[in-house]
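Enquirer: Residue numbers (this note's numbering), protein chains in the order written: chain P, 1 to 435; chain Z, 1001 to 1435; chain H, 2001 to 2435; chain D, 3001 to 3435.
What the hints contain is simulated information worked out from the structure, not anything from laboratory work.
C-beta atoms are modelled at their ideal positions from N, C-alpha and C, and glycine is treated no differently.
You may find that some hints are simply not true.
Stated by the list, open to error - Below are the DSS-like pairs computed for lysine-lysine, each with C-alpha atoms no more than 25 Å apart in a straight line:
#1 P/LYS107 - P/LYS197
#2 D/LYS3075 - D/LYS3121
#3 P/LYS263 - Z/LYS1390
#4 Z/LYS1107 - Z/LYS1121
#5 H/LYS2037 - H/LYS2184
#6 H/LYS2263 - D/LYS3263
#7 H/LYS2107 - Z/LYS1107
#8 H/LYS2107 - Z/LYS1263
#9 H/LYS2107 - D/LYS3263
#10 Z/LYS1107 - P/LYS263
#11 H/LYS2263 - P/LYS263
Stated by the list, open to error - Reference listing, derived: stretches of chain Z covered by chain H, where coverage requires no fewer than 3 residues with Cβ under 8 Å from a Cβ of chain H:
#12 1044 to 1051
#13 1087 to 1099
#14 1173 to 1181
4 protein chains.
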Amino acid sequence: MATTKQHPATAIGLSREIPDSAAMAERYQRVRSFSEKLCETLVPEDYVIQTMPDVSPTKWHLAHMSWFFETFILKEFRPDYETYHPDFAYLFNSYYVAAGERHCRPKRGLVSRPTVENTFKYRAYVDRHMIELLESADMEMRAGIAPLLEIGLNHEQQHQELIQMDIKHVLTENPLRPVYRDRKDPGVSGTAPLTWKAFDEGVYWFGHDGDGFSFDNEGPQHRQFIESFELASRLVTCGEFLEFMQDGGYERPDLWLSEGWAKVENEGWEAPFYWENHDGKWMLMTLAGMRPVEENEPVCHVNYFEADAFARWAGARLPTEFEWELAARDVEIEGNFVEDGYYHPIPATHEPNGQLSQMFGDLWEWTRSSYAPYPGYYPIEGALGEYNGKFMSNQYVLRGGSFATPRDHIRPTYRNFFPSDACWQFSGIRLAREV
Amino acid sequence: MATTKQHPATAIGLSREIPDSAAMAERYQRVRSFSEKLCETLVPEDYVIQTMPDVSPTKWHLAHMSWFFETFILKEFRPDYETYHPDFAYLFNSYYVAAGERHCRPKRGLVSRPTVENTFKYRAYVDRHMIELLESADMEMRAGIAPLLEIGLNHEQQHQELIQMDIKHVLTENPLRPVYRDRKDPGVSGTAPLTWKAFDEGVYWFGHDGDGFSFDNEGPQHRQFIESFELASRLVTCGEFLEFMQDGGYERPDLWLSEGWAKVENEGWEAPFYWENHDGKWMLMTLAGMRPVEENEPVCHVNYFEADAFARWAGARLPTEFEWELAARDVEIEGNFVEDGYYHPIPATHEPNGQLSQMFGDLWEWTRSSYAPYPGYYPIEGALGEYNGKFMSNQYVLRGGSFATPRDHIRPTYRNFFPSDACWQFSGIRLAREV
Amino acid sequence: MATTKQHPATAIGLSREIPDSAAMAERYQRVRSFSEKLCETLVPEDYVIQTMPDVSPTKWHLAHMSWFFETFILKEFRPDYETYHPDFAYLFNSYYVAAGERHCRPKRGLVSRPTVENTFKYRAYVDRHMIELLESADMEMRAGIAPLLEIGLNHEQQHQELIQMDIKHVLTENPLRPVYRDRKDPGVSGTAPLTWKAFDEGVYWFGHDGDGFSFDNEGPQHRQFIESFELASRLVTCGEFLEFMQDGGYERPDLWLSEGWAKVENEGWEAPFYWENHDGKWMLMTLAGMRPVEENEPVCHVNYFEADAFARWAGARLPTEFEWELAARDVEIEGNFVEDGYYHPIPATHEPNGQLSQMFGDLWEWTRSSYAPYPGYYPIEGALGEYNGKFMSNQYVLRGGSFATPRDHIRPTYRNFFPSDACWQFSGIRLAREV
Amino acid sequence: MATTKQHPATAIGLSREIPDSAAMAERYQRVRSFSEKLCETLVPEDYVIQTMPDVSPTKWHLAHMSWFFETFILKEFRPDYETYHPDFAYLFNSYYVAAGERHCRPKRGLVSRPTVENTFKYRAYVDRHMIELLESADMEMRAGIAPLLEIGLNHEQQHQELIQMDIKHVLTENPLRPVYRDRKDPGVSGTAPLTWKAFDEGVYWFGHDGDGFSFDNEGPQHRQFIESFELASRLVTCGEFLEFMQDGGYERPDLWLSEGWAKVENEGWEAPFYWENHDGKWMLMTLAGMRPVEENEPVCHVNYFEADAFARWAGARLPTEFEWELAARDVEIEGNFVEDGYYHPIPATHEPNGQLSQMFGDLWEWTRSSYAPYPGYYPIEGALGEYNGKFMSNQYVLRGGSFATPRDHIRPTYRNFFPSDACWQFSGIRLAREV
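So here's chain P without its partners, still in its complex pose (with noise of 0.2 Å):
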């Protein structure tokens, strides 16, 4: 249990030691080149669509990606910077109110120029200033750049799973159903029973010690009484899930919140986000197009009413997000991620009895906490104290990463958050109990 409190100061990317020029670099292209690698098999129309107000198309996300280094780094310390095009601002900022005029959300999949071409030729630029700048920076200045390229690359990260979270939605709005990258057999059969761990009541300690790059949200630390609960090992599977679909999971309105239920009736839900039913039988939209249910995998693309409602029928309830952070605070982070090439979540596998599995990667894990400040919290000043802050209301947090998520940017303090309704993101369900 860590016990260092947090300056809210040093919230934002803070690293102790300033990485050598090189290092910077390295890490730059590394996580740069990958945004590009997810777009390898896309062609410059799949680039341009917003299939609804949350979406973004590919081309955006790819350009507020270089913007982000553009408007907080270039032009921070490369006084002589000259902008790519004097409009791209405007184009590209996405939310920071305090960096200028932007475009409307909702429209950004009805501009066809810049060209998927020029998109590209904009992060090439921006890569070729930021190299330049990080070789040439003195170590007073990697002072300087350090937090800000360390909030950078997470924020690329986190439009790496944008990304795919997007595209995949674009392909589905598609009768034809394209197919964003061919299946990879996990090669695994079955899935590990269900078991629960318990932890004991107590006073601890939350929320990011400082030590390496966090969110501003994640901090400060703090701490918290937990009474003692049981966490279920693994995600909720598909077969779970249908499970409670065939014993009326979504005609039953006393499994539901009031909200959720008027979801239910207003718009027709009757399963998980992408399945459809062909003829009585489950099918499911992937990144590998369609196919159908597989009991074993995690159940995905439910959302925080189905997630309640399911954990109401199975006579259990979500975890709060410090039961989840108190319970992967010991777990290795492994699992899942991007990098293994699944684009889906796997069965989880056996693990020795009492053992949690599927804590990192795999689906994001719904919390039935609400979004809201760290006791001390304040944003930074700045555009950049838009980053979190202020989306703190009508939300709720999601633990672990997923499938989507780069390997090195998960954490167990790491919190994300969408609305109640929201569906289109990598999420799943872990039940939590009394004991």
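Take the given structure of chain P and dock chains Z, H and D to it, following the hints.
Expert: Coordinates of chains Z, H and D only, in the frame set by chain P:
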């Protein structure tokens, strides 16, 4: 600090002693007649109107409160009870899915019959049967009735406040701006200065101890770790809120949660609800009609986003519901309640230095706590289990009651809740801050 | 065939002879008191409700009709006239932009005051001043008043029909389905067979000849070339419409205009408005409450798309408004009007072969003519010029009056108009076809 | 004045002489290749976007035009024809219900595949089979193909204009405002003065005489009585429209139809579509990018309400479609068409006094005629019967073609139609008035 844990099964309304028939009947009649007293100044046309989906017609409230006793007591304890009208269960069930089909909430204002006169006859019919039941019930039956009677009467009191909230909205929508009750002058000049009271960090018990009535969402009792904090001695005043406005409060996105700022822009917010700018002078609608904003009065009808933005502007924050409860448990339950006849918040009077005023009555106080179940909370079985639990998403907790709340209805553990953009309720702001 | 062309300046209400004071007062009182007679069976709560934007509360109609006389006659001819209430012009002006600011139409049902009682007092106040004015006016003043009085009384009669349309909608929205008037049995069995009457091609004059009152949209008189055609002898019955339904009328896109079919699909149309399927049996709501559909009665509450689709299914079409007018000009103005007290269309009685029945009264008949200005039409100057002209887009003309129309209100040249999806009006279908 | 009546059966595309194979193939290739020529300046990303439900992606247009030949000719006359792709019928059927299920119109912009390249391959595939068919068809088969080929090529030409309308909307939505084609200067200064040409009252024949191709909605030929009238010699200019604006045109409700005024207020209209006020100076978007409004050019992109309001302000009115056709039948079909390469209307040149200019080309001219069937009109059987007839409600007729229309596509009897608030089409104003 309480130490007894409450059993879920007793979460609703179990008093330990069974009252005698006369006491039950007396209390029943006292609460019921107050609902009618609140309608004394209305004409039949006023009872019919629904000015937005959240508002219910007064006529509907009067009938619904009677339906509650009919459904949960008379039909349960009097097998031969004949309902007043076969269709009233459909018309006057609010949201109890387990109690059967019901009329669509946004259409409550489209129903002219039953008439107001007939609605009062319905009340009289239910009252006559209730009194007969209470007077004839033996102790065993009274033991069964008592918790349901308590919840029924507390439910009636909640609707007494709703009647005031809703009729204010109805009368304000009318360009003639009719008066509900003539103003009663509190005879106070000035307001107390705002001071801060400090509280120490520690593990505390929260929630209701089961002694006397409480709603199920107030339990189970459980522990929370609280960091040290300070709480403001009184509510924020209109004068202070005007300073916020004059300082560009509604024009500075950095002061707002992202979701709130989107509403400021899209809905053109520029002052609290019920405020109107008449030729540069701020007026506000009250239950006594339009009058100028008075600086010493607590600011009323702010929503969560406004309360949060004001707090940020003031260099403070909203308290959590636990901080509020910790502070409230040693404060006497006195203040400006519905029995006082002001029908509006009044200025804080001067208190001994460091003491808290206006904790009860005047205005419900927004907390930064999302409305969520306490550890170990499960709703009771059956329709009454729908009372609270199913609303535990995307709402925020408010504490302390208002000028429209009956004095014997409020407790330190009482949890009210509204969505973050709701503003027709009698809500105000009390600040908190880190030490 | 008329040959006199009407001057635009006399388009509204110019009678050639100036009536004497007593006749004017008598006519005024007769028309005005009938409005109140139509309200005899209503309770105050019924007067308040607006069930959709097109519907106005009965209370609003009663006040608006009085405002019309107050605004266009009393204020014009009695410089010392004091309005009953300074805010009523705002509340009860419907759409006369030139007459000043007005309340928002969809919010008419959100206004509980003035009460019904006060609204009747307002009527009495206006009536007293109108009678005084009419009785004291000399011939010159009467010459000025007469055309405005005529338009005011015809306006009142239009609202008498609207009161019936609107209260039917209000009572139907109520799950209790209250009765407006008990049913009066027409004592008719069966219906006349449908025959066709032929008309020759030629150039004919159309529009009002200026002899007696007409609305400005009925002129100027002008010529049209009409191809030969045949007109059905009576309205389409419910039995015939049921055949259309049983033949898949609401399931075959080839029968519908594209815009209509989109509404069939999106809004789930499957029968005329006010029809309900109770366990396989078609019922309909009437002003006398719910009862089974009767096959011999004319089908009522069809919209333009339904009328057009039925005609296509029947191998016919709707008549143009000129074809209808050509046929109507030799038909006596008699039929089922509001004074007959049926409050519903009645079956056609047997007529001598080839004669037309139900041309006047029973139901307004959809024509395929878009509501457009006649050649040479220009609205008069001032607020009353807004009466008709500004609505000449995207509506269709209906002819002949209904069971809710006062008998002396209708003419062969009378042009009613509604949008193509409107169905709360008393509209039916008469077929036409090429020879 | 024509005297031959057209038979409904020949309403679509029956030429009297059967062309030889070479002529058919040549005409086919000429029209088809022009569609591709219109796309020369586009990048793949441009082809994908749908900026509003009425707009289709260029890619969709290119594929849909091919689907038309595939469905109505290749599948009919080549029983062994294999469709290019089994799902393209679903994706590229526009609104022909009888031709099978189809993709939802507002989602055409959500489909990235087939790619642009593949779409062109689809065109080439269809073209190859069409040429083979035309070259191998004997006279009997050619007699069957000829009318369908004509409708297919005229359909293609309609989409050539739509491509220009839609890409203008797409490029305008982009804040970078890309250019479609560089401007070609008409080399004209000033504009002809507006004079009036008079026409006599009388009975005239209207509609197409069946000699050469016409759409079914142009027949049958029939008579109308026309009162005498005068028609303006040219289109209304931007300078004249600016006068209307400066005279409060968008602020005076008395100038507008009620429905139009509601839109002025709710949607904030203050100038024609594609006009923008840059610091007090009116600019407009063209297919050659943004440039200042030029006073001598015809005003473009006005909707029906704007055209009607302008005419009222000018003391005139819009012509009926019959008045327009009567005037047009003696005018030579020449003007500014798509082959001229201006991609914008150009100022009227000086004509001999009293002659009409700009009747064909430049801009479609709003008439006050609702789009309705001519007497005796019935759509043909089958899917092609859906081409025109089912849209005959709530739209207005426009006449004469525009700068985006192919020269050999237009006729005096040609009826285009749009809803009254549509403004992305190339529409202008020609005035008429009573004598």
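Enquirer: Look at each hint and say if it fits the structure.
Expert: A quick look at each hint next to the structure:
1. Between the alpha carbons of P/LYS107 and P/LYS197 the distance comes to roughly 47 Å, so the proposed pair goes past 25 Å and is violated.
2. For the suggested pair D/LYS3075 and D/LYS3121, the alpha carbons sit about 19 Å apart, so the restraint of at most 25 Å is met.
3. Pair hint P/LYS263 plus Z/LYS1390 holds up; C-alpha atoms about 14 Å apart against a cutoff of 25 Å.
4. Distance restraint check for Z/LYS1107 and Z/LYS1121: the Cα-Cα separation of roughly 23 Å lies within the 25 Å cut-off, and the hinted pair is therefore satisfied.
5. Under the criterion of a C-alpha separation no larger than 25 Å, the hint pairing H/LYS2037 with H/LYS2184 is consistent with the structure, at around 17 Å.
6. Between H/LYS2263 and D/LYS3263 the CA atoms are separated by roughly 22 Å; this keeps the pair inside 25 Å, and the hint holds.
7. Restraint check: the Cα-Cα separation between H/LYS2107 and Z/LYS1107 comes to about 14 Å, which is no more than 25 Å; the hinted pair holds.
8. In summary, the hint linking H/LYS2107 to Z/LYS1263 is supported, as the alpha carbons are separated by about 23 Å, within the 25 Å threshold.
9. Distance hint between H/LYS2107 and D/LYS3263 is fulfilled; the C-alpha atoms sit about 19 Å from each other, no more than 25 Å.
10. Proximity of Z/LYS1107 to P/LYS263 is assessed by CA-CA distance (about 19 Å); at most 25 Å being required, the pair is judged to hold.
11. For the proposed pair H/LYS2263 and P/LYS263, the alpha carbon gap of about 24 Å is at most 25 Å, so the pair holds.
12. Residues of the segment 1044 to 1051 of chain Z lying with their CB closer than 8 Å to a CB of chain H number 7, which satisfies the three-residue condition for coverage.
13. Look at the segment 1087 to 1099 of chain Z against chain H: 3 of its residues bring a Cβ nearer than 8 Å to a Cβ of that chain, three or more, so the hint holds.
14. Residue count for the segment 1173 to 1181 of chain Z with a Cβ under 8 Å from a Cβ of chain H: 5. That meets the three needed, and the coverage hint holds.
Checked against the numbered hints above, the structure violates only hint 1.
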